[in-house]
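Add chains W and E to chain P, keeping to what the hints say.
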Amino acid sequence: MSKSAGCCKRFLHYAFDYETPKTLVIPSLGVGFVFRFTQFLVVMYVVGYVCVVQKAYQDTDTVISTVTTKVKGFAFTNTSDTEPRFWDVADYIIPPQGDHSFFVLTNMVVTPKQVQSRCPELPSPSTICVDDCNCVEGHSDPRGNGIQTGLCENYSTTARTCEVLSWCPLEIDTKLPEHALLAAAENFTVLIKNSITYPKFNFHRRNILPHVNSSYLKRCEFSRLTDPHCPIFRLKDIVSEAGEDFQDMAVKGGILGILIDWSCDLDWWAGECLPKYSFRRLDNKHPVNNVAPGYNFRFAKYYKTADGEETRTLIKAYGIRFDVIVFGTAGRFSIVPTIVNLGAALSFLSLVPVVADWFLVTCSRKRDLYSRHKTTHLTEDIELFQNEI
Amino acid sequence: MSKSAGCCKRFLHYAFDYETPKTLVIPSLGVGFVFRFTQFLVVMYVVGYVCVVQKAYQDTDTVISTVTTKVKGFAFTNTSDTEPRFWDVADYIIPPQGDHSFFVLTNMVVTPKQVQSRCPELPSPSTICVDDCNCVEGHSDPRGNGIQTGLCENYSTTARTCEVLSWCPLEIDTKLPEHALLAAAENFTVLIKNSITYPKFNFHRRNILPHVNSSYLKRCEFSRLTDPHCPIFRLKDIVSEAGEDFQDMAVKGGILGILIDWSCDLDWWAGECLPKYSFRRLDNKHPVNNVAPGYNFRFAKYYKTADGEETRTLIKAYGIRFDVIVFGTAGRFSIVPTIVNLGAALSFLSLVPVVADWFLVTCSRKRDLYSRHKTTHLTEDIELFQNEI
Amino acid sequence: MSKSAGCCKRFLHYAFDYETPKTLVIPSLGVGFVFRFTQFLVVMYVVGYVCVVQKAYQDTDTVISTVTTKVKGFAFTNTSDTEPRFWDVADYIIPPQGDHSFFVLTNMVVTPKQVQSRCPELPSPSTICVDDCNCVEGHSDPRGNGIQTGLCENYSTTARTCEVLSWCPLEIDTKLPEHALLAAAENFTVLIKNSITYPKFNFHRRNILPHVNSSYLKRCEFSRLTDPHCPIFRLKDIVSEAGEDFQDMAVKGGILGILIDWSCDLDWWAGECLPKYSFRRLDNKHPVNNVAPGYNFRFAKYYKTADGEETRTLIKAYGIRFDVIVFGTAGRFSIVPTIVNLGAALSFLSLVPVVADWFLVTCSRKRDLYSRHKTTHLTEDIELFQNEI
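Chains as they are written, first to last, in our numbering: chain P, 10 to 398; chain W, 10 to 398; chain E, 10 to 398.
Treat the hints as calculated values from the structure; they're not laboratory data.
There could be a bad hint or two in this list.
No farther apart than 20 Å at their CA atoms in a straight line, the calculated lysine to any residue pairs in the SDA-like style are these [stated by the list, open to error]: (1) Lys209/W x Asp274/E; (2) Lys81/P x Phe308/W; (3) Lys64/P x Val370/E; (4) Lys31/W x Thr86/E; (5) Lys227/P x Lys31/W; (6) Lys184/E x Leu283/E; (7) Lys31/W x Pro362/E; (8) Lys31/P x Leu378/P; (9) Lys375/E x Lys184/P; (10) Lys122/P x Lys310/E; (11) Lys245/E x Thr86/E; (12) Lys64/E x Pro362/E; (13) Lys31/P x Ser380/E; (14) Lys81/P x Lys31/W; (15) Lys184/P x Lys81/P; (16) Lys31/E x Lys184/P; (17) Lys31/E x Ala309/P.
Ranges of calculated distance between the beta carbons of each label pair, as one might list FRET restraints [stated by the list, open to error]: (18) Glu318/W x Gly159/P: 37 to 45 Å; (19) Gly147/E x Asp90/W: 17 to 25 Å; (20) Glu92/E x Gly317/W: 21 to 29 Å; (21) Asn87/E x His213/P: 27 to 35 Å; (22) Thr235/E x Lys209/W: 47 to 55 Å; (23) Lys209/W x Asp236/E: 54 to 62 Å.
Cβ coordinates follow ideal geometry from the N, Cα and C atoms, glycine included.
Pulled out of the complex, with its shape left as it was, chain P reads as follows:
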């Protein structure tokens, strides 16, 4: 045998010699049972909880969605304060596009025929004056309505206030009707069209389900019990499902979330991947801790008079903003999370012999016997004995 061949053989032995633990087989049903039972518990945990309940073998993706909304309905208002007026979609939906967030006007303070001019401020502790000396020209109070001209004018027969440069007449927003002007809005309906995508799984779905036909969609109305998949909602139902009263909410406005949950298991029930609707009021109902409770905003319609002067109608619009919020996570089998979770579970299987060994050397009847055969104590004596050899 040449030297290099020997070297090569030694290397082969080094690389391919197989080192395996020496084992002791113990024919004890007790210990064996403890071992198998602990193993069984770990496997049950993995199969039962991690796989079935938590679906840890799945890769997940978050939903991408697009929403279109279309409100239908009209109303007629005829109160003592305002002229009789007919309202349709173009009047009360702002903005008109039918995005994922739409606003239904239910109450308002209208200030028509405003022009850029001068008028006395609304009376308040900081605006009431006795004579011009109380008013500072050019001063603008952030809580006021315009820039002071320095004059003190009669606001009414009893009060004098500083004159301001502003859009006049000023809005008096305390004149909000106590009952919502468009109380009839509760019977308006909204059609919500929602398409979703899980890009990672190339999965597309719409909330108008494939088996639903056109004639059903023309007459149906969402009802949790009878029509849970009809995408047409009556506003009153949405609000009452959220635990609120429409007429209450309509006075000062508010924000209502229409939550669409598209959480799906795409492994088994892709056909069963259906939207789940729920409704929740999103702003704070109670006026505690609340600047400007409810929901309102101001907008204006601009006109020009025959002689070219700009006038506007200022509207402080109260109403309900409906936010369609689409969320969800889809899961589908994927090899990486499966490997990771199985691996983690296998780690626990490697704990099982630790338990069984502990039982063996402490609880079993023949523990001394087992212990003696399993464990060799390398004592000082042996060392001495070895050294002598």
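Okay, now just chains W and E, sitting in the frame of chain P:
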């Protein structure tokens, strides 16, 4: 040696005695090869699939994005129905702000000079009447256009319908032009500016790439082959990349998704983190199962006549809503997922001896020899023998 | 003993015999210390880094949020170019609804009294003409302002340009004021109301904190040092926190992100789950690589003259768009990630004996002794010896 010192020594031995399995080295190339090969398979799997393909060593974050859009182009319409009219951006983009979602008006039904008044309903089975008895004062049909006054009026020379209180004249939305009015919109261009952030990694990027200069941006146009990073898109190209025909889609409207995918690997190719554009029609093209196919909404322009009466021009706007949807996940090396995935893989390495041992005691030629040395059977005989000692 | 009983017993033994490794206890403090110390390192790593720092035992969820904004303030403009004018919220906030994204008008180019007619183009190399031969009827230059009529008209006393059909007079957008018209906008304030939900944990929270009372909210203003939880922000402060100058930004416009971070640990500090505000300019500040730097859009107000002709006031609006971007991830203890991470860590514990064994057979003083007792080499001699028996 005092008692406490002995006690202490015993504790030290208990804590620091090292218990190690006794092993048997088997100089068999066959078994050794099976062992090494199985080890190699597991390591290859970990390196190849988990690390390279699935990048399981990375922590991930979801994109946060802001989008600005700016449409350019104008059109001139001159059909038999309408007056000649010139359209620019301020006319056909609704809303004008250039958000992540913009609507290009392509077709419309215009009902000018509407005022609050009374007029006969559009003829339909539920509105046709013979005399006033068929009409109920105050009745409002959700599918109608206003509140009935109780009168039956001549709609045309042949039909009589119930009179309603509404914005009159009523819109006749069946008069939708068969060819899109703003067919020229296909040549409009849109500049999309998109800034993204991965907050977890403090990574910011724009879709206008750093190496692109201003003069290129002034003349370029997106093309998947020649200009894949130009952020200016011709509307016709967007629609045709989505597999649709612009002129078809323009008649009844629709929703088109401009998807920008910012999925990036920030470890190696942060410089290569580029947006990938794709286009997809988001609403249902086919009129099956579809209430209100296409995309349209109504809005009104309000005017005041010289004598202060409010009139409006109602526009039922059909067009294409472009939704810019930005998504993506970035990954960057992180110690925790690395540990978790390595740990899981190590668990599989601990399975390797199980495989090799099975091969050893069942398939190898000298299995009896190996088995005899590896395993000690603690038989009844030994037990008896031990007990006798 | 019958045959079947023997068979059954053999099966029981096969299933329940417990095979345990034979071990050798080595009473060496050195090796024991290496073993315990390596174990300690792994446990410290698991407890310290994975659990405390990275919270790998938590399940996570992404925030769902709704935002309302309300701007307050007014301004008065009086420059040489424009008429004196008073501006309030309804004038300068576009769109008015107070969504998560709001635009504050700060500068503008107004082109009043536009009507559909014909007028000479703005002079540019492609529009200047000498006589009608230079102009093509029906030609529309994408960079121009209308459709050419084929005539060449006097634009000024010195220049002749092609006549176009368009909204005339044409907008001259180079006349942008050098100082922002609504410079006073820097003192406007905005109230941001933000409600969030972590649907997986059924956790709801608002940015108006429960302990804050109404009177505080009426007078407070966000300040990172003194009022970090006041939801009312002065626009100037927002812009300066983003490292920009308001007056600079107001001239050409821009986009400013108000980032609200709701990242929370719901295990221990659910009460401490507070919004963290930060501000960042989202568009590119520097005019390099930038088509249309800043942020602007065109919109029009439509009027009707007494004789029914439509006129419009075109406004090229420059201003700051504030995007409220809400993000965050909440974590809460969950059994699955805990199991997975503990499992992965246990895998590392199984590496510890490998380290200790290596130390035992290579570095310890009595390595030969230990090696001899731990490992049995199944040499050829033994094989021969065994075969002879």
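For each hint, the structure was consulted:
At most 20 Å may separate the alpha-carbon atoms for a hinted pair to count; lysine 209/W and aspartate 274/E meet this at roughly 16 Å. Straight-line distance between C-alpha atoms of lysine 81/P and phenylalanine 308/W comes to about 13 Å, which keeps the hinted pair within the 20 Å bound. A C-alpha spacing of about 45 Å is found between lysine 64/P and valine 370/E, which places the hinted pair above 20 Å, so the restraint is violated. A distance of roughly 92 Å separates the Cα atoms of lysine 31/W and threonine 86/E; the hinted pair therefore is violated under the 20 Å criterion.
For a cut-off of 20 Å, the pair hint linking lysine 227/P to lysine 31/W is broken: about 79 Å separates their Cα positions. Taken as a hint, the lysine 184/E and leucine 283/E pair is broken in the structure, with Cα atoms around 46 Å apart against an allowance of 20 Å. Restraint check: the Cα-Cα separation between lysine 31/W and proline 362/E comes to about 12 Å, which is no more than 20 Å; the hinted pair holds. Note on lysine 31/P and leucine 378/P: the hinted pairing holds, with a Cα-Cα distance of about 17 Å set against a maximum of 20 Å.
Proximity of lysine 375/E to lysine 184/P is assessed by CA-CA distance (about 97 Å); at most 20 Å being required, the pair is judged violated. Distance restraint check for lysine 122/P and lysine 310/E: the Cα-Cα separation of roughly 17 Å lies within the 20 Å cut-off, and the hinted pair is therefore satisfied. Proposed proximity of lysine 245/E and threonine 86/E is supported: the alpha carbons are some 18 Å apart, at most 20 Å. About 28 Å separates the Cα atoms of lysine 64/E and proline 362/E, which puts this hinted pair outside 20 Å; it is violated.
The suggested pairing of lysine 31/P with serine 380/E holds, with an alpha-carbon distance near 14 Å, which does not exceed 20 Å. This hinted pair does not check out: lysine 81/P and lysine 31/W have alpha carbons roughly 82 Å apart, beyond 20 Å. Distance restraint check for lysine 184/P and lysine 81/P: the Cα-Cα separation of roughly 29 Å exceeds the 20 Å cut-off, and the hinted pair is therefore not satisfied. With a C-alpha separation of about 91 Å, the suggested pair lysine 31/E and lysine 184/P falls outside the 20 Å cut-off, and the hint is violated.
A distance of roughly 89 Å separates the Cα atoms of lysine 31/E and alanine 309/P; the hinted pair therefore is violated under the 20 Å criterion. For glutamate 318/W paired with glycine 159/P, a C-beta distance near 39 Å keeps the hint of 37 to 45 Å intact. Checked against the hint of 17 to 25 Å, the C-beta distance between glycine 147/E and aspartate 90/W comes to roughly 21 Å, which is consistent with it. Checked against the hint of 21 to 29 Å, the C-beta distance between glutamate 92/E and glycine 317/W comes to roughly 24 Å, which is consistent with it.
The hint said 27 to 35 Å for the Cβ distance between asparagine 87/E and histidine 213/P, and at roughly 56 Å that hint is violated. In this structure the supplied range 47 to 55 Å is violated for threonine 235/E paired with lysine 209/W, their Cβ-Cβ distance being about 30 Å. The hint said 54 to 62 Å for the Cβ distance between lysine 209/W and aspartate 236/E, and at roughly 28 Å that hint is violated.
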